[in-house]
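*Asks:* The chain contents come next:
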Amino acid sequence: MGFFSTLGDIFRILRHVFRQIFKRPFTYFYPFEDREYPERTRGRHIHVRENCTACKQCVRVCPVVAIRIDVMDQKYNKDAALYFDYTRCIFCGLCVQACRFNALYHTKVVDISAENREDLIYGPDEITTLDREPLEWRGRRFR
Amino acid sequence: MKDVLEEATEIWFGPQHVSAHGWAAKLTLVGDYIVECDPNAGYFHRSAEKCLEFRDFRQGALIMERLCMLEAFLAEYPYVSAVEKIAGIDVPDRAKIMRTIMMEASRIHSLQFWWGQFAAELGLFTMLLWPWVDREFFLDAFEELTGSRHAVSYNTPGGVKYDFTDKFLSKLDRAIQRLEERMPKFRDMLLRSPTFKVRTKGIGRFDANQGLRWGISGPNIRACGVPMDLRKDSPDENLTYDMADWEVPTYTNEDHPGESDAYDRMVQRFLEIETSVDIIRQLLPQVPEGEIYERKARGKVNRLPEGEAYGRVEGTRGVTSLYLRTMDKAQTPYRAKIRGPCFNSYYSLKHLVPGNKFADFIVIFGSLDPYPGWWDR
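Just so you know, the protein sequences line up as chains X and H, in that order. Residues in the first sequence are numbered from -13 upward in steps of one, following my numbering. Residues in the second sequence are numbered from 12 upward in steps of one, following my numbering.
No lab work stands behind these hints: they were computed from the structure. Just so you know, not all the hints are guaranteed correct.
Selected chain H positions facing chain X (in silico; Cβ < 7 Å) [said to hold, decoys possible]:
| no. | residue |
| --- | --- |
| 1 | 66 |
| 2 | 73 |
| 3 | 154 |
| 4 | 155 |
| 5 | 159 |
| 6 | 161 |
| 7 | 297 |
| 8 | 299 |
Derived DSS-like pairs: lysine-lysine, alpha-carbon spacing no greater than 27 Å straight-line [what the hints assert, rightly or not]:
| no. | chain 1 | residue 1 | chain 2 | residue 2 |
| --- | --- | --- | --- | --- |
| 9 | H | 340 | H | 311 |
| 10 | H | 340 | H | 361 |
| 11 | X | 42 | H | 311 |
| 12 | H | 96 | H | 307 |
| 13 | H | 61 | H | 311 |
| 14 | X | 61 | X | 42 |
| 15 | H | 361 | H | 208 |
| 16 | X | 42 | H | 212 |
| 17 | H | 311 | H | 96 |
| 18 | X | 9 | H | 196 |
| 19 | X | 42 | H | 178 |
| 20 | H | 178 | X | 94 |
| 21 | H | 307 | X | 42 |
| 22 | H | 340 | H | 307 |
Derived coverage of chain X by chain H (criterion: at least 3 residues anywhere in the stretch with Cβ under 8 Å from a Cβ of chain H; other residues may be distant) [claimed, not checked]:
| no. | stretch |
| --- | --- |
| 23 | 26 to 32 |
| 24 | 78 to 90 |
The beta-carbon is built from N, C-alpha and C at its ideal position, and this holds for glycine as well.
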């Protein structure tokens, strides 16, 4: 190996190092920014109670018995009180397909975590609202 | 004369070993050499067949794809095919060709995963990450199509659930282009590597007759030069492999024709990837317009007539099939029996391993492309 080829190697390495310094990293600064999710992302569900007729097709089709509709709930007597158990859900999308009244949708929120198991059972109030807007929340860039 | 077995030690490889996630083998060692290998199944058992008996015909495919997440598009097909045969559902042409394309893409993804994993088992950890980077692009394409990276839930009795979009097609094209650019480079790097040759050549060798007797199928038997492939031998009427012009990939090593060792199986799997890319490239322009789901199927799968059917597909690891039996007006199967491809290759370790060194055990195991989900149903 000659002197010039070694020098050339050193310069090639230096060029690579400088390029890496000024490049954006491949990884995301996760809790504050996230990658873009496709349209069809099967994340947590949202329930539109105005459209729901409590026909229970989603309950019937769910392979892991994650959905429960409480017909005896007096507060939501006329509408459906839907309980969604995210400790059981496998995000297969069958419930969204089964819904003929456009009352159940997937959202792009895929990172669900809670301190207790009970918090992962989303009640009628939680399943109808998004606790955070996925896109606005993710818009902040740190680097 | 002293019996060598008096000094033998028994050790368990797995189930806590890093490389043995969900399986264990009892090895009898004399010095560094293995004299007996006793593979044990059952550590990964999830009673999938019983689960299928409690799920209706729409939900069953979800159980099947969870047996092997790496080839999810392929794994759920035998169940779907069997249900379609019993219910007498005609699948639209567009859905047939879409299924075939996605199954081949799934095969490439699974082989890339195995290739990186096998290199890592030999200690070449750089080769673990390079194919896995390319694999990410396939996962991105799957996510664009179905909304999920691994548990795709794509095939359903009567067609497929999600239609191709322009964005998905561009992502798939990008993934294949990247694979075609980078795979030859990595392949030459790996197959010419002296470390790789020393570790794999002549290790775990069996001939075609032995392989067929043990029931090994797929790339493992094709590496012996046997052109056995369900895609060609008995083409499924709901898949469109006949629309592409391709040959069954077989590899014959000139040093020992009719036999395969770990090195030959590696070369064979690169040929498999090339064939799959070839099939996808030919099928993509031929996708016709039309429906992706037969609407009559929605009513038919609620209750099936009495009957039995056998759905099968050439999976990444070999013949994957399922026997389904239903009673009259049944909402759930009476019996479902899964035949996974890896059970036979896993138990062939009993014959392949003795006589080799302990360090070669994981090479032989890895070269058969095993997946515990397929032998512990």
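*Asks:* Would you mind marking each hint as holding or not holding in the structure?
*Replies:* Okay, the hints, checked on the actual structure:
{"no.": "1", "hint": "66", "result": "6 Å, holds"}
{"no.": "2", "hint": "73", "result": "5 Å, holds"}
{"no.": "3", "hint": "154", "result": "6 Å, holds"}
{"no.": "4", "hint": "155", "result": "5 Å, holds"}
{"no.": "5", "hint": "159", "result": "5 Å, holds"}
{"no.": "6", "hint": "161", "result": "11 Å, violated"}
{"no.": "7", "hint": "297", "result": "24 Å, violated"}
{"no.": "8", "hint": "299", "result": "23 Å, violated"}
{"no.": "9", "hint": "H:340 / H:311", "result": "10 Å, holds"}
{"no.": "10", "hint": "H:340 / H:361", "result": "45 Å, violated"}
{"no.": "11", "hint": "X:42 / H:311", "result": "20 Å, holds"}
{"no.": "12", "hint": "H:96 / H:307", "result": "14 Å, holds"}
{"no.": "13", "hint": "H:61 / H:311", "result": "23 Å, holds"}
{"no.": "14", "hint": "X:61 / X:42", "result": "18 Å, holds"}
{"no.": "15", "hint": "H:361 / H:208", "result": "24 Å, holds"}
{"no.": "16", "hint": "X:42 / H:212", "result": "60 Å, violated"}
{"no.": "17", "hint": "H:311 / H:96", "result": "12 Å, holds"}
{"no.": "18", "hint": "X:9 / H:196", "result": "25 Å, holds"}
{"no.": "19", "hint": "X:42 / H:178", "result": "34 Å, violated"}
{"no.": "20", "hint": "H:178 / X:94", "result": "18 Å, holds"}
{"no.": "21", "hint": "H:307 / X:42", "result": "22 Å, holds"}
{"no.": "22", "hint": "H:340 / H:307", "result": "17 Å, holds"}
{"no.": "23", "hint": "26 to 32", "result": "holds (count 3)"}
{"no.": "24", "hint": "78 to 90", "result": "holds (count 4)"}
Figure legend: structure checked against the earlier numbered hints; hints not met, in rising order: 6, 7, 8, 10, 16 and 19.
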